[in-house]
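Full structure from sequences and hints, please.
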Amino acid sequence: GDSVTQMEGPVTLSEEAFLTINCTYTATGYPSLFWYVQYPGEGLQLLLKATKADDKGSNKGFEATYRKETTSFHLEKGSVQVSDSAVYFCALTISSGSARQLTFGSGTQLTVLP
Amino acid sequence: GAVVSQHPSRVICKSGTSVKIECRSLDFQATTMFWYRQFPKQSLMLMATSNEGSKATYEQGVEKDKFLINHASLTLSTLTVTSAHPEDSSFYICSASGAGVYEQYFGPGTRLTVT
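Sequence order for the protein chains is A and B. Residue numbering for the first sequence is 4 to 117, as defined by our numbering. Residue numbering for the second sequence is 17 to 131, as defined by our numbering.
FYI, nobody ran anything at the bench for these hints, they're computed from the structure. Among these hints, one or two may not hold up.
[To be verified] Subject to a maximum C-alpha distance of 20 Å in a straight line, what follows is the list of computed EDC-like cross-link-like pairs (lysine to aspartate or glutamate):
no.	chain 1	residue 1	chain 2	residue 2
1	A	LYS63	A	GLU45
2	B	LYS57	A	GLU11
3	A	LYS52	B	GLU119
4	A	LYS52	A	GLU79
5	A	LYS59	B	GLU119
Model, not experiment: these values are computed from the prediction.
Next up, the structure:
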């Protein structure tokens, strides 16, 4: 079945440090890939997405490139801020009729220290 | 962007009682809604998928008689936890997608505590 493997956390960085959270996937079809962010006590917010190979999703300084050859979608940010502290989930979906079921990775807790 | 709300945001109930959680799509028609459960420091576990006007499809291991899902309109789905027990305490999150809306939009979640 489809699965997503994420870098285990927690990750603790100082403000302005470079961030990488690794994500790899296995899928039987041709998935779309997503990064979601969850702030404490809240639901998930879509951070960025990519729907085909070599697409780069970007938002709020975060980027991730869909690499089909390595089945990866690593999340990066050049300079993190304290406000980026949250849990980050990598996910994929394969459209099948009207169902758009998401498969999530285990999540990576990021803490940014001032 | 598409907005999904959940109500209540927090609920505390006594063991043996039932609790209803509402999930609403505020500015689009949600043909499909999903219900997830999240344990502390863990990922989201899909409980069920519901299409408007149809019975929900439950994931393996989820008791459909305990977690009743109704999706009677294109903007509202409800999850009722029947005869709740302390082990049902969790964070429940819904999401919705609709015709022409490829992504899932998530609600803010409901924290259920069963005492």
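Tested hints:
1. A:LYS63 with A:GLU45: 19 Å, holds
2. B:LYS57 with A:GLU11: 12 Å, holds
3. A:LYS52 with B:GLU119: 10 Å, holds
4. A:LYS52 with A:GLU79: The given pair, whose Cα atoms are some 13 Å apart, holds under the 20 Å limit.
5. A:LYS59 with B:GLU119: 17 Å, holds
In summary, this structure violates none of the numbered hints.
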